[in-house]
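Given next are the chains, with one letter for each unit.
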Amino acid sequence: MYRYDNYDQTLVDERVAQFRDQVARWKAGELSDDEFRPLRLQNGLYVQRHAPMFRIAVPYGMLAARQLRCLAELGRRYDRGYGHFTTRHNLQFNWPKIEDVPEMLAELAKVQMHAIQTSGNCIRNITTDQFAGVAADEILDPRPLCEIMRQWSTFHPEFAFLPRKFKIAVNGAKEDRALTWFHDIGLHIVKTDDGLVGFRVIVGGGLGRTPIRGEVVREFLPWQDILSYCEAIIRVYNRYGRRDNAYKARIKILVQALGVEEFGRQVEAEWAHLKGGPATITQAEYDRVTAFFEPPAYQTLPAIDEAFVQQQVKSLPFARWVERNVRPHRVPGYASVTLSLKKPGTAPGDVSSEQMEAAADLADRYSFGELRVTHEQNLVLADVEQRRLFDFWQEAKAAGFATPNIGLLTDMIVCPGGDFCDLANARSIPVANAVQARFDDLDYLWDIGDIELNFSGCMNSCGHHHVGNIGILGVDKGNEEWYQITLGGEQGNDAQLGKVIGPSFAAADVPDVIEKIIRFYIAQRQEDERFIDTFRRLGADPFKVAVYGDKARLKAA
Amino acid sequence: MTTIIKNRQAVADDYTLLTLAEGDSAETVALPAGPLLVPLAVWQVRKADLQSRGTPVGVWLAAGEGPEAIADDLAALPVVGVHFPKFVDGRGYSTARLLRERHGYQGEIRALGDVLHDQLFLMARCGFDAFALKEGKDIAKAVAAFETFKNPYQAAVDQPQPLFRRRAA
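Residue numbers (our numbering), protein chains in the order written: chain U, 1 to 557; chain W, 1 to 169.
Since the hints were made in silico from the structure, they are not lab data.
Glycine included, C-beta positions come from ideal geometry on N, C-alpha and C.
Careful: at least some of the hints might be erroneous.
[To be verified] Here are some chain W residues pointing at chain U (derived, C-beta under 10 Å):
#1 Arg46
#2 Gly64
#3 Phe84
#4 Phe87
#5 Gly90
#6 Gly92
#7 Ala96
#8 Arg102
#9 Asp118
#10 Ala144
#11 Phe146
#12 Thr148
#13 Tyr153
#14 Ala155
#15 Pro160
#16 Gln161
[What the hints assert, rightly or not] Quick list of simulated restraints, FRET-style, between CB atoms:
#17 U:Pro296 / W:Lys6: 50 to 60 Å
#18 W:Gly34 / U:Thr290: 56 to 66 Å
#19 W:Gly107 / U:Val500: 50 to 60 Å
#20 W:Val11 / U:Thr290: 47 to 57 Å
#21 W:Ala71 / U:Leu258: 14 to 24 Å
#22 U:Gln283 / W:Thr55: 49 to 59 Å
#23 W:Ala69 / U:Ala28: 35 to 45 Å
#24 W:Lys47 / U:Asp422: 19 to 29 Å
#25 W:Arg166 / U:Leu442: 54 to 64 Å
#26 U:Asp364 / W:Arg166: 32 to 42 Å
[Unchecked claim] Taking lysine-lysine pairs in the PhoX-like style, the calculated list, with each CA pair at most 20 Å apart, reads:
#27 U:Lys27 / W:Lys137
#28 U:Lys477 / U:Lys516
#29 U:Lys314 / U:Lys397
#30 W:Lys141 / U:Lys248
#31 U:Lys165 / W:Lys86
#32 U:Lys27 / W:Lys141
#33 W:Lys6 / W:Lys137
#34 U:Lys110 / W:Lys150
Put together the whole structure using the sequences plus the hints.
The structure is reproduced here in structure tokens:
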């Protein structure tokens with residue numbers, strides 16, 4: 001993975017000094033709370049329900065074992081011994097003191113980490129596919145371009161105070177694993193018939209209060225032009241995006257208001273001045289950065305390890321874990337493993353300091369010392385030898401990482417919700433745990449098969465409920481917590497938004513409702529049909545009847 | 001006489017900043033004597049008057065006003081002001097870059113309004129070279145902000161080559 005040179009390190013060290021000074025001036029009353037707020041947000045520091053929340057960047061999800069050990073130590077020293085992985089590859093601490101954050105940043109800088117632009121109305125952490133560099137369906141490893149874009153976006157002087165936050169996702173494979181249709185800018189790496197590499201550029205997607213699927217603003221952009229083209233997009237947005245209403249300030253609202261064609265015309269007019277300028281990426285820079293992402297020193301191994309096959313025959317639990325949590329690798333004899341952070345009864349995405357250290361050890365001993373954070377809030381060890389998977393599994397199990405539920409109902413995306421977050425209308429973790437408890441029978445869970453259940457504690461949609469096959473959204477009704485259910489959302493190439501099925505439910509009823517939906521699906525499915533396929537075939541109405549009974553039937557008729 | 005930051009130093013400044021109060025009209029507002037920084041609306045309707053005074057006149061742009069509106073007049077303007085109604089309103093950064101990079105403006109670009117210590121570094125990168133710091137803020141302390149980062153990544157007005165073109169091989 002990328003390693004800082006002197007320039008990178010100096011910038012991060014200077015950032016620590018800057019923030020230390022800002023905190024000191026705030027404490028001395030020289031900076032008002034309002035003046036300090038955007039500054040601390042651009043260092044990932046929120047003031048939350050119980051304590052500040054501190055969000056650390058994990059650029060495009062890549063994490064070295066030594067970095068994870070540093071996070072473990074910070075969790076122990078400044079927090080309550082755990083952290084929370086988010087859908088944008090970041091790690092959040094929920095209990096640090098503001099006064100401690102400069103010191104935490106200094107510790108992070110020692111392992112080439114930071115919290116730059118993890119919040120605020122600026123360009124945020126760029127996200128990508130967790131299987132970048134190892135996926136069989138990859139067109140080009142997106143990470144070098146992500147790193148080049150990370151550097152370009154870091155302290156970008158023109159775009160530090162945009163109308164609203166700005167999120168970019170890049171996908172380099174045939175299958176979209178980065179939710180690119182729902183970002184402010186979504187980028188697909190594409191290759192033309194002539195072998196030219198570039199991007200399909202999508203703008204104006206987003207979840208939140210007004211979920212919108214992005215639209216293609218340019219079918220093909222040479223990769224060398226990505227920085228100047230993004231500058232053109234964001235300049236148009238910075239100048240003309242709405243600033244009168246925070247709920248209408250994302251770029252998606254501007255794109256909708258202008259129409260993607262007119263928006264694209266303005267971007268092209270702006271880009272005409274920037275195209276070919278100094279921001280054009282040089283081959284030398286691309287090569288310099290790409291060298292950090294060269295494949296590790298793989299062994300030459302047979303494609304199928306016989307002992308590994310036998311171990312699966314002998315142990316059903318191992319076989320199940322392999323089926324759900326292990327993915328084929330493009331190199332013979334290797335596999336990519338997902339460590340589940342969704343053990344039922346724990347807060348999804350949470351990981352203790354001890355677990356962080358255990359994961360770092362696993363990475364060091366089995367996977368070249370590197371990990372990836374997924375937007376589904378799990379960890380991936382991308383390069384594990386097949387022949388060592390059985391040993392790996394036993395160690396992962398001991399650390400609480402081996403729940404064989406990747407892609408199953410209990411592998412939910414869940415935001416921290418009302419237990420921690422100031423914005424939330426409702427708690428999400430206890431209700432998610434109640435749903436997990438209802439589906440704790442592994443055979444049943446397996447029989448249900450592939451399904452995405454996503455859960456947000458408010459309409460800011462950090463839990464991506466709009467794109468869950470089943471989405472749960474916490475809403476506030478007269479100061480009570482209620483939960484609205486959506487069905488039919490989907491990520492990937494056919495990404496779609498789910499639709500609300502009807503009136504919302506009390507917390508205690510949510511597991512029953514999910515069970516009704518699932519039972520109906522099981523009764524209706526044909527052969528190996530996944531939940532989402534059955535839903536697409538039947539439509540929402542029969543599911544509504546399954547949940548609401550005759551009331552829905554009358555309405556549907 | 002007020003004190004502003006210019007070329008990274010505190011200097012005395014004798015421009016009067018003209019603003020249109022409720023009920024003022026651009027056509028009739030009284031023009032104080034001496035160097036004057038006027039709103040775009042006043043410049044547009046009284047350009048000839050202003051230019052015949054024999055004292056320096058600059059124009060200031062509100063956050064929603066782009067540099068296109070004065071593009072043809074830039075050669076005649078020693079100062080262009082860019083107003084920040086709130087420091088979190090970042091439109092002025094694009095305005096300054098466009099003035100320098102698109103329109104080739106060489107005169108002074110002055111940040112006006114909610115101009116604070118922690119934004120000076122970014123503003124300077126975008127082409128601002130004068131700053132009317134918000135009243136009550138410590139100018140002597142604020143000038144240190146220009147040194148926040150020695151070698152930023154991106155190309156901008158102060159450094160037209162991005163770091164990747166400058167990195168030692």
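Interface hint for glycine 64 (chain W), Cβ within 10 Å of any Cβ on chain U: Given a least distance of 9 Å, the restraint on glycine 64 (chain W) holds.
Given phenylalanine 84 (chain W) as an interface hint, is the shortest Cβ-Cβ distance to chain U below 10 Å? holds (9 Å)
Could you check the hint for me, namely that glycine 107 (chain W) and valine 500 (chain U) are 50 to 60 Å apart, CB to CB? holds (56 Å)
Does the structure keep lysine 314 (chain U) and lysine 397 (chain U) at a Cα separation of 20 Å or less? holds (17 Å)
Mind checking the CB of glutamine 161 (chain W) against every CB in chain U and telling me if the closest is under 10 Å? holds (5 Å)
Using 10 Å as the Cβ threshold, decide whether alanine 144 (chain W) counts as touching chain U. holds (8 Å)
Compare the distance between the alpha carbons of lysine 27 (chain U) and lysine 141 (chain W) with 20 Å, and conclude whether the hinted pair is satisfied. Holds, at about 16 Å.
A range of 54 to 64 Å was offered for this pair. Does it hold for the Cβ distance of arginine 166 (chain W) and leucine 442 (chain U)? With a Cβ separation near 57 Å, arginine 166 (chain W) and leucine 442 (chain U) satisfy 54 to 64 Å, so the hint holds.
Interface restraint verdict for glycine 92 (chain W) against chain U (beta-carbon cut-off 10 Å): holds (9 Å)
When you take the CB atoms of aspartate 364 (chain U) and arginine 166 (chain W), is the distance between them in 32 to 42 Å? At 35 Å between Cβs, range holds.
With respect to the beta-carbon atoms only, verify the hint that valine 11 (chain W) and threonine 290 (chain U) lie 47 to 57 Å apart. holds (48 Å)
Between alanine 69 (chain W) and alanine 28 (chain U), is the Cβ distance one that fits in 35 to 45 Å? holds (41 Å)
Checked against the numbered hints given earlier, this structure breaks hints 1, 11, 24, 28 and 30; the rest are met.
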